[in-house]
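K.L.:
Let the sequences and hints guide you as you build the complete structure.
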Amino acid sequence: MRASTLVRAEQSPQTPERAAFRADVIEGLSASPKQLAPKYFYDEAGSRLFDLICRLPEYYPTRTELGVLKAHAGDIAALAGPGASLVEFGSGSSVKVRLLLDALERPAAYVPIDISGPHMRAAVAALARDYPTVAMTPVEGDFTRPLELPHLGEGGRRIGFFPGSTIGNFTPAEAEAFLTHARQSLGAGAALVLGFDLPKERAVLEAAYDDHQGVTAAFNLNLLTRINRELGADFDLAAFHHRALYNEAESRIEMHLESRAAQTVRLDGARFTFAPGETIHTENSYKYAVARLMGMAQAAGWRQAALWTDPRGWFAVAVLEAV
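Mapped onto UniProt numbering, the consecutive letters of the sequence shown carry residue numbers 1 to 323.
None of these hints come from the bench; they were simulated from the model. Incorrect hints may appear among the rest.
Claimed, not checked - Within a straight-line C-alpha distance of at most 20 angstroms, the following computed SDA-like cross-link-like pairs (lysine to any residue) qualify:
1. K70 to C54
2. K34 to H242
3. K200 to E254
4. K200 to P61
5. K39 to P146
6. K39 to A173
7. K34 to L231
8. K200 to P311
9. K39 to H181
10. K200 to E58
11. K34 to D236
12. K39 to G141
P.N.:
Take a look at the structure:
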């Protein structure tokens, strides 16, 4: 292995989160084809890289969704009513939620949920300075699994916020399961503001996930760095490269890490062999037609209250209400 591209393991205590990470990685690398869960992209370095991706010229989803949110924040506030509590699933840097906090009438609370604790807490500290009247309770955890929300008080409406087309990272079955879980967690009378990416030309999609500066490639490869550092694996990063392709039949972008040569990777006494050209499937990003996603939402206990798109029809923001 090349020392320049191998990151040695941390000497850190075992935790339930670390044990789950280890088990998921071993299971994913043992599968055929090999795969890793995209939720593990977001360690501190991965979260920073994703913030850089969101500012790339090729990466249209962030700025397009921001445009839709800016245009309709007042409409969302009117649907939410006064004293609402915001619950953001996968908050990251919490940039988009500022648009809602500015528009809402006397927002009572903000509960961001994210798997990357340090990144989330830094973002919440900045928010707390700018919105001192809003109670902020960050929750470090995996929002794809059942989580008990903190007490949010009485009176105002609970508004879930799930921007960024993150729902596209789930399989359709997983997306419907998330919508069901969110409906149950937020409770009766709640609403959910949901951002999702719409189908479009292959060239636009593939450029967005394979930028010419290589930031998305670094983001993808950072997953192997994290596995080396936290789990003691011996991935040689120079022996893998980033691939992004549009699977038209599934209406999804796929990200892969492709092995450049025959090689063996070791982790916890296990050996994982790779043939030249073999990939680890690291992420899907489904592009949903409106009718398909609204059908999934209806099956999960939501009804469409409002829906807006940008002028090009590239991105949609929906407000769903609990049935």
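K.L.:
Hint by hint, say whether it matches the structure.
P.N.:
Here is how each hint holds up against the structure:
1. K70 to C54: holds (17 angstroms)
2. K34 to H242: holds (15 angstroms)
3. K200 to E254: Satisfied, since the Cα-Cα distance of roughly 15 angstroms is no more than 20 angstroms.
4. K200 to P61: holds (12 angstroms)
5. K39 to P146: Roughly 15 angstroms separates the two Cα atoms, so the pair holds.
6. K39 to A173: holds (17 angstroms)
7. K34 to L231: Satisfied, since the Cα-Cα distance of roughly 18 angstroms is no more than 20 angstroms.
8. K200 to P311: holds (13 angstroms)
9. K39 to H181: holds (17 angstroms)
10. K200 to E58: holds (14 angstroms)
11. K34 to D236: Distance of about 17 angstroms is within 20 angstroms: holds.
12. K39 to G141: Distance of about 11 angstroms is within 20 angstroms: holds.
The structure fails none of the hints (numbered hints given earlier).
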